[in-house]
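Engineer: Below, each chain spelled out in residue letters.
There are 2 protein chains.
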Amino acid sequence: MVKINENLKKIISDNSFIKVMALTNKYKKDSPNKEVISLSIGDVTIPIPEKVVDVMLDTLNKQKYSDTFKGYGSSSGYDFLKKKILENEYGNLNFTLDEIYISNGTKIDCINILELFTNDAKVLISNISYPIYLNGSLVLNKNIYTFPLKEEDNFIPQVPNNHYDIIFLCNPNNPIGNCYNYETLKKWVDYALKENAIIIYDNVYEDFIGGDLPHSIYEIENAKKVAIEFRSFSKSLSFSGIRCSYYILPNEIYPNVNELWKERTINRFNGVNYVTQVGAEAFYLDEVQDIIKGNIGYYLENAKLLRTGLLKNGFKIWGGENSPYIWVKIKENITSWQVFELYLTKLDVVVTPGIIFGNAGDKYFRVSALGKRKDIIKAIERITRYYEKNN
Amino acid sequence: MVKINENLKKIISDNSFIKVMALTNKYKKDSPNKEVISLSIGDVTIPIPEKVVDVMLDTLNKQKYSDTFKGYGSSSGYDFLKKKILENEYGNLNFTLDEIYISNGTKIDCINILELFTNDAKVLISNISYPIYLNGSLVLNKNIYTFPLKEEDNFIPQVPNNHYDIIFLCNPNNPIGNCYNYETLKKWVDYALKENAIIIYDNVYEDFIGGDLPHSIYEIENAKKVAIEFRSFSKSLSFSGIRCSYYILPNEIYPNVNELWKERTINRFNGVNYVTQVGAEAFYLDEVQDIIKGNIGYYLENAKLLRTGLLKNGFKIWGGENSPYIWVKIKENITSWQVFELYLTKLDVVVTPGIIFGNAGDKYFRVSALGKRKDIIKAIERITRYYEKNN
Numbered sequence: 003m004v005k006i007n008e009n010l011k012k013i014i015s016d017n018s019f020i021k022v023m024a025l026t027n028k029y030k031k032d033s034p035n036k037e038v039i040s041l042s043i044g045d046v047t048i049p050i051p052e053k054v055v056d057v058m059l060d061t062l063n064k065q066k067y068s069d070t071f072k073g074y075g076s077s078s079g080y081d082f083l084k085k086k087i088l089e090n091e092y093g094n095l096n097f098t099l100d101e102i103y104i105s106n107g108t109k110i111d112c113i114n115i116l117e118l119f120t121n122d123a124k125v126l127i128s129n130i131s132y133p134i135y136l137n138g139s140l141v142l143n144k145n146i147y148t149f150p151l152k153e154e155d156n157f158i159p160q161v162p163n164n165h166y167d168i169i170f171l172c173n174p175n176n177p178i179g180n181c182y183n184y185e186t187l188k189k190w191v192d193y194a195l196k197e198n199a200i201i202i203y204d205n206v207y208e209d210f211i212g213g214d215l216p217h218s219i220y221e222i223e224n225a226k227k228v229a230i231e232f233r234s235f236s237k238s239l240s241f242s243g244i245r246c247s248y249y250i251l252p253n254e255i256y257p258n259v260n261e262l263w264k265e266r267t268i269n270r271f272n273g274v275n276y277v278t279q280v281g282a283e284a285f286y287l288d289e290v291q292d293i294i295k296g297n298i299g300y301y302l303e304n305a306k307l308l309r310t311g312l313l314k315n316g317f318k319i320w321g322g323e324n325s326p327y328i329w330v331k332i333k334e335n336i337t338s339w340q341v342f343e344l345y346l347t348k349l350d351v352v353v354t355p356g357i358i359f360g361n362a363g364d365k366y367f368r369v370s371a372l373g374k375r376k377d378i379i380k381a382i383e384r385i386t387r388y389y390e391k392n393n
Numbered sequence: 003m004v005k006i007n008e009n010l011k012k013i014i015s016d017n018s019f020i021k022v023m024a025l026t027n028k029y030k031k032d033s034p035n036k037e038v039i040s041l042s043i044g045d046v047t048i049p050i051p052e053k054v055v056d057v058m059l060d061t062l063n064k065q066k067y068s069d070t071f072k073g074y075g076s077s078s079g080y081d082f083l084k085k086k087i088l089e090n091e092y093g094n095l096n097f098t099l100d101e102i103y104i105s106n107g108t109k110i111d112c113i114n115i116l117e118l119f120t121n122d123a124k125v126l127i128s129n130i131s132y133p134i135y136l137n138g139s140l141v142l143n144k145n146i147y148t149f150p151l152k153e154e155d156n157f158i159p160q161v162p163n164n165h166y167d168i169i170f171l172c173n174p175n176n177p178i179g180n181c182y183n184y185e186t187l188k189k190w191v192d193y194a195l196k197e198n199a200i201i202i203y204d205n206v207y208e209d210f211i212g213g214d215l216p217h218s219i220y221e222i223e224n225a226k227k228v229a230i231e232f233r234s235f236s237k238s239l240s241f242s243g244i245r246c247s248y249y250i251l252p253n254e255i256y257p258n259v260n261e262l263w264k265e266r267t268i269n270r271f272n273g274v275n276y277v278t279q280v281g282a283e284a285f286y287l288d289e290v291q292d293i294i295k296g297n298i299g300y301y302l303e304n305a306k307l308l309r310t311g312l313l314k315n316g317f318k319i320w321g322g323e324n325s326p327y328i329w330v331k332i333k334e335n336i337t338s339w340q341v342f343e344l345y346l347t348k349l350d351v352v353v354t355p356g357i358i359f360g361n362a363g364d365k366y367f368r369v370s371a372l373g374k375r376k377d378i379i380k381a382i383e384r385i386t387r388y389y390e391k392n393n
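Protein sequence lines, in the order shown, are assigned to chains A and B. Residues in the first sequence are numbered from 3 upward in steps of one, following the working numbering. Residues in the second sequence are numbered from 3 upward in steps of one, following the working numbering.
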């Protein structure tokens, strides 16, 4: 038998979103009369703006006709979308069309990009992180190192003393929900510059950032030499079922890096759905931007309600101000799967056990503000009632 | 600096479709009055059937509304599409929903699937093949071996005497355009059974197969134990710009293989665009099947015209009967880039140099029947006129 890549067996499936879903569905089946509310979802609930759908409908309709039909596009995306993104997101950074890649999801590309580097490169991933970094790197047989995110540091990743080659940073952070300031990002960029390392910068929740905080890692001096930034239309444009994302691979990272990566992309990918790319372009219409701001505002208001409710109940919390996620310390002396079970069976509320994001997260759980307002309010009421009774 | 994966530099970009396009575009720019006809395209020219677009329009429109909006789907695809494909394509083969994966393109997955196996597995690729197999395997640092497809064998791949672990087979073949019979496929399946090897079976041109020829490798006894079959809606449904494909990973290949691969897929992919999957489902409507048969018939009629024209001009040819591609031996004593240049500059006709598919292909070129009828006819006229003058 051909030998199976043993690393596939190391994917942590025991502590995963799949298990959350399976346990939730089992509970729903066993208790059909209960109204279960999920604060576990990482998916959006607001539909796609009408104007965007209309533009896509028009484009899709043209696929019926010979003279407007579009077949294969560029592997790295259409120029019309690349231009629009660079203008609107990276206006003064002077990236060229060669430096941006349109794709189907950051989940795919933040791992695919590891193909750029040799397998002995030391990859650094925080213990408490989006589990894809670890599992994806495992599958590609990468040389993985982890370090814990600590409560005493407010879960802000601290620059290490040792040398690493590739660092995963997620900001605004999933699952913590906090957002790093200029100082923190500058420390990491400086580390990478000093160590000749690369930062894989997962920036998919960028639209949730407000106030005086860096929206892009490229706002930090010389970050173009060390950082690859990933963004997505999934949350902002409600494109989680439509699929469109992009990333910046700066020319300054390595001589000919884009020449190499362009060849790789041509040989491994056929580009994003054409209609989808036209839809993503419409994201930048003024009237759509207004709606998006409203939608993000809605989720952040949900987060505010969650934060207030949790604080009132005496929880220690992080995040939820520039992110749809809130990281919550478990009050009882139980594990994160136990708190998951407790809330599911006593409150009919689903939260995400912290251990899914690494064993350093086992004293915490994550709640998401991406749900519907009425559910958020109900969930807080249930939590409040429960702790009033049990305190 | 982090070390770059040196294999990226081995991707053969000198002899690529990109160079064909670049040279063609340069010629068009330099000779704006010439009417250049491409017989090089691997893309379809017939638009998507109206009924399919209508179903997609309806589904897309629903993405405006909260109660019909769809976010993240299953990483391996929606069950409604999986069921429809298994029923219609693999009716009596009893595959389960776990054994089929819906994806964005065979180009991606026929290489991704290599992640299942260790990097020391011996990968066998024919010299004269779709260049993605070689370049994709290179990027993933696989242990690659090649063997020439020979004219004396009618370019049918011969089972080797040595042991290999993974074999790429493309049938109907790109670029040769021939289609293997039961006997040939049985030899390969038997080889794989004997050697405990895996066949990566690229079957994307399946819809072009007629007559008494195997449509699927699983028609061969015990192929379920050794073959992973890949298909696509790109050519049949004109989905090359929409993106939808699928593959079968049989449970019999390895204990728990689907459990492992499902985890990998969840960790590396977020599923295909929902609207696209609904469109692919509509492929199986009776009225759509009728149109598809007509479209395939149109391309095969193009191929017949090309075959007849080339034979009349004394060319030695292969394929074009169960495939949109025809493989043509160069009559002059020149290389395949030279014949490319000759036809481009003397006939304003673009053909694909055989060397793109491996150096064993340098005495040949590929023509495609996926173009428009009037262009096919004109191209043959030009070739005929040229050889009447120059014989």
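Since the hints were derived computationally from the structure, they do not count as laboratory data. Since we're looking at a predicted model, the values are computed, not measured. The reader is advised that the hints may include incorrect statements.
Because identical chains cannot be distinguished in the list, a pair is counted as satisfied if it fits within a single copy or across any two copies.
Unchecked claim - Calculated lysine-lysine pairs in the DSS-like style (CA-CA distance at most 30 Å, straight line):
1. K5 - K226
2. K380 - K64
3. K196 - K380
4. K124 - K66
5. K376 - K318
6. K124 - K333
7. K391 - K86
8. K264 - K28
9. K85 - K314
Engineer: For the identical chains here, do K376 and K318 meet the 30 Å Cα criterion within one copy, between copies, both, or neither?
Structural biologist: within (24 Å within a copy, 72 Å between copies)
Engineer: As a check of your reading, is K391 near K86 (CA-CA no more than 30 Å) within one copy, between copies, both or neither?
Structural biologist: Intra 54 Å, inter 52 Å, cutoff 30 Å: neither.
Engineer: Using 30 Å as the alpha carbon limit, work out where K124 and K66 are close: within a copy, between copies, both or neither.
Structural biologist: neither (50 Å within a copy, 45 Å between copies)
Engineer: Using 30 Å as the alpha-carbon threshold, which applies to K124 and K333: within, between, both, or neither?
Structural biologist: Close neither inside one copy (36 Å) nor across copies (54 Å); limit 30 Å.
Engineer: When Cα atoms must be at most 30 Å apart, do K5 and K226 count as within-copy, between-copy, both, or neither?
Structural biologist: between (40 Å within a copy, 18 Å between copies)
Engineer: How would you classify K85 and K314 at a CA-CA limit of 30 Å: within, between, both, or neither?
Structural biologist: Result: close neither inside a copy nor across copies, 47 Å intra and 49 Å inter.
Engineer: Go through the copies and call it for K380 and K64: within, between, both or neither, with a Cα cutoff of 30 Å.
Structural biologist: Between. Shortest inter-copy distance 28 Å satisfies the 30 Å Cα cut-off; intra-copy 45 Å does not.
Engineer: Given identical chains, is K196 near K380, meaning Cα to Cα at most 30 Å, within a copy, between copies, both, or neither?
Structural biologist: neither (50 Å within a copy, 62 Å between copies)
Engineer: Under a CA distance limit of 30 Å, which applies to K264 and K28: within one copy, between copies, both, or neither?
Structural biologist: between (46 Å within a copy, 20 Å between copies)
Hints 3, 4, 6, 7, 9, counting from the list given before, are not met by this structure.
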